[in-house]
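Enquirer: For reference, the chains in residue letters:
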Amino acid sequence: MNYQFEFGWLAEYYPQIVKGIGITVELIAVGAVAGISLGIFCAWVRALGPAWLKPIIALYVELIRNTPFLIQIFFIFFGLPSLGPQLSELQAANVAMVVNLGAYSCEIIRAGIQATPKGQFEAGASLAMTRFETFRHVVLVPSLQRIWPALSSQVVIVMLGSAVVSQIAAEDLTFAANFIQSRTFRAFEAYIVSTTVYLALAVLLRQVLAMVGGLIFPRRAVP
Amino acid sequence: MIEFTIWDILRNLLLATRWTIVLSLVSFIGGGIVGLVLLFLRVSKRQWSRSLAKYYIELFQGTPLLMQLFIAFFGLGLFGIDVPAWLAAGLALIFWSAAFLGEIWRGCVEAIAKGQWEAAASLGMGRLQQMRYVILPQAMKIAVPPTVGFSVQVIKGTALTSIIGFVELSKAGTVVTNATFQPFTVYGLVALIYFALCWPLSWSSQILERKLNVAHRNY
Amino acid sequence: MSLIEITEVRKSYGENEVLKGINLDVEPGEVIAIIGKSGSGKSTLLRCINGLETISKGSISVAGAQLHDDEVHLKALRLKIGMIFQQFNLFPHLTVGGNVMLSQMVVKKTAKPEAEKMARRMLERVGLEQKFDAYPDELSGGQQQRVAIARALAMQPMALLCDEITSALDPELVAEVLAVVRELAAEGMTLLMVTHEMKFARDVCSRVVFMYQGRVHEIGRPEDVFANPQTPELKQFLGLH
Numbered sequence: 000m001n002y003q004f005e006f007g008w009l010a011e012y013y014p015q016i017v018k019g020i021g022i023t024v025e026l027i028a029v030g031a032v033a034g035i036s037l038g039i040f041c042a043w044v045r046a047l048g049p050a051w052l053k054p055i056i057a058l059y060v061e062l063i064r065n066t067p068f069l070i071q072i073f074f075i076f077f078g079l080p081s082l083g084p085q086l087s088e089l090q091a092a093n094v095a096m097v098v099n100l101g102a103y104s105c106e107i108i109r110a111g112i113q114a115t116p117k118g119q120f121e122a123g124a125s126l127a128m129t130r131f132e133t134f135r136h137v138v139l140v141p142s143l144q145r146i147w148p149a150l151s152s153q154v155v156i157v158m159l160g161s162a163v164v165s166q167i168a169a170e171d172l173t174f175a176a177n178f179i180q181s182r183t184f185r186a187f188e189a190y191i192v193s194t195t196v197y198l199a200l201a202v203l204l205r206q207v208l209a210m211v212g213g214l215i216f217p218r219r220a221v222p
Numbered sequence: 000m001i002e003f004t005i006w007d008i009l010r011n012l013l014l015a016t017r018w019t020i021v022l023s024l025v026s027f028i029g030g031g032i033v034g035l036v037l038l039f040l041r042v043s044k045r046q047w048s049r050s051l052a053k054y055y056i057e058l059f060q061g062t063p064l065l066m067q068l069f070i071a072f073f074g075l076g077l078f079g080i081d082v083p084a085w086l087a088a089g090l091a092l093i094f095w096s097a098a099f100l101g102e103i104w105r106g107c108v109e110a111i112a113k114g115q116w117e118a119a120a121s122l123g124m125g126r127l128q129q130m131r132y133v134i135l136p137q138a139m140k141i142a143v144p145p146t147v148g149f150s151v152q153v154i155k156g157t158a159l160t161s162i163i164g165f166v167e168l169s170k171a172g173t174v175v176t177n178a179t180f181q182p183f184t185v186y187g188l189v190a191l192i193y194f195a196l197c198w199p200l201s202w203s204s205q206i207l208e209r210k211l212n213v214a215h216r217n218y
Numbered sequence: 000m001s002l003i004e005i006t007e008v009r010k011s012y013g014e015n016e017v018l019k020g021i022n023l024d025v026e027p028g029e030v031i032a033i034i035g036k037s038g039s040g041k042s043t044l045l046r047c048i049n050g051l052e053t054i055s056k057g058s059i060s061v062a063g064a065q066l067h068d069d070e071v072h073l074k075a076l077r078l079k080i081g082m083i084f085q086q087f088n089l090f091p092h093l094t095v096g097g098n099v100m101l102s103q104m105v106v107k108k109t110a111k112p113e114a115e116k117m118a119r120r121m122l123e124r125v126g127l128e129q130k131f132d133a134y135p136d137e138l139s140g141g142q143q144q145r146v147a148i149a150r151a152l153a154m155q156p157m158a159l160l161c162d163e164i165t166s167a168l169d170p171e172l173v174a175e176v177l178a179v180v181r182e183l184a185a186e187g188m189t190l191l192m193v194t195h196e197m198k199f200a201r202d203v204c205s206r207v208v209f210m211y212q213g214r215v216h217e218i219g220r221p222e223d224v225f226a227n228p229q230t231p232e233l234k235q236f237l238g239l240h
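First to last, the protein sequences are chains A, B and C. Yeah, the first sequence ends on 222 if you go by numbering that gives the first Met the number 0, and it's all consecutive. Yeah, the second sequence ends on 218 if you go by numbering that gives the first Met the number 0, and it's all consecutive. Yeah, the third sequence ends on 240 if you go by numbering that gives the first Met the number 0, and it's all consecutive.
Isolated chain A, as found in the complex:
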């Protein structure tokens, strides 16, 4: 192999990479906060909510979990405008991330809720709390604590999956790598650099999530 590695282009193109990192971070930040919130709502519906809403949420969750993210984002970006307003690339990417993580976190959080000992609900009821109050004040936080590691892994998976938003020209890290390789023809180097950045982001994200977990769940034991 006579290939000469060449990273000189970094000097010229690093602003693109930094911008791409910014977009990727923004996508996962919004995706995680809104997606997990959506997931909590859906999990509540599926575990304890009104019966009429359950099949709708179930359909949403199953549809998202059994189709590729790439197709979801194509559908949102290219397909939906025939029904409503055209979203920008970034808006579409954000919506897709939230919708995707919402479905996955719903199932994870639901498992956490279902692992709650029955006595917790009974104790809530005996204190004259409504079912929703019991959920909100007694059940929710321990449930999240139970499944926080699984939820964290899913957030990392969705962050890595966000590379796909480059395909609707949302200018994330992968978009930057594609842009650089098309200008410099240094495809291998461009992708090695961006892959390394993704790896670092994944490690960092895991640590941030562990820290967030430590802040939300100061107590150790979960019933």
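Be aware that one or more of the hints could be misleading.
Unchecked claim - Residues on chain B that point at chain C, a partial pick, calculated with CB under 10 Å: (1) 122; (2) 136; (3) 140; (4) 142.
Rather than coming from a laboratory, the hints here were simulated on the basis of the structure. Ideal Cβ positions, reconstructed from N, Cα and C, are used throughout, including at glycine.
Here the structure of chain A is known, so what remains is to put chains B and C in place on it, guided by the hints.
Expert: Chains B and C only, in chain A's frame:
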């Protein structure tokens, strides 16, 4: 302009679905074989082999599958090989699946009580014999539901190979959209076909899981 | 030459030394009870003898075979000693017969018909020949432990290590397992058992080893050790029982 009926669209998509299925099978089986090697490295007594497998798994689980595809596609080209999209797609998916399957199976092996290893050892079995005759038969039982569940991830993962130009269901979706200008219908149908492939697997994984839990409670 | 020679054996987990220089020679046909509080190192000693734990210092040999931490030596050693565990550790995916036949076939390469013949003989010895095709989860704890004994015997060991083999059993099932062990002792099998069954130790054993804080604190014939304990620790231990 030519009019496309729903049937025209669907027929084209279904023809391309064949390649999604073939690539999924190849990736899953190949990934299973490499994953088994990873599993043995991961539960070995030797520190270097455990570390090797651990770093492999962290690398492939910590980077986007799309990047792995790009690197396979452009990287192998550096060796002077003209890499066709199907080869890069197959290789990347095999090595990616292997990381996940290896990790899933390690969890199953570690779920087997330590006493089983010790009993087998006390009867004079070597490490590989303990694994083959005592641990794996038990671990395989609990590995079935998550393994079936992961096959869904493999099928969805094949969609990314459209980006490096492998013509399967997703790529066909883009091509047909460009010809028909009906993105809503086309991508909707593409999604439904994926759903038809994936959902039975997801569902059986859940059923198997439930059955297993019941069986374990009766123990 | 003794059958099992344990010389100056030390075992540490990090800073914590669990065995502090153990010396013990076991003659063929001896039945030895190892007693002591939990944490005194008695189970660790047993697990060291067949290489489930690696020793930090000292040496262990069985019928002239030295204990080394590699697969060839370990296999040679383990062919000479069998082990019975507190939790039975039967293989749940195999029938009773399969449990007893497996290691004969894969370790000793015995042909299946011979392995089966041996398995049936050993199961008969522990009174369970009719359970050949049952699965472990269909048996009571006492029956499972008897199968575990048959499984170890089928390898024709020169000695058996028994690690609290009745501690996980319901009280009414203890007797049936001890009866099997008593018979083995009568037939001349060399036995090293960690046990809490003091009456059994007194009736069946040729020597009793009292371990205290990682050392052999007292050793002797059961009638001496139980009737006339020398150290305050042993007196207190026996008093507690």
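Enquirer: Against chain C, run the beta carbon of residue 122(B) and see if the smallest gap drops under 10 Å.
Expert: holds (4 Å)
Enquirer: Please verify that hint: residue 142(B), Cβ, nearest Cβ of chain C, below 10 Å or not.
Expert: violated (13 Å)
Enquirer: Is the hint on residue 140(B) kept, meaning its closest Cβ partner in chain C is under 10 Å away?
Expert: holds (7 Å)
Enquirer: Mind checking the CB of residue 136(B) against every CB in chain C and telling me if the closest is under 10 Å?
Expert: OK, holds: residue 136(B) within 10 Å of chain C, min 5 Å.
The structure fails hint 4 only (numbered hints given earlier).
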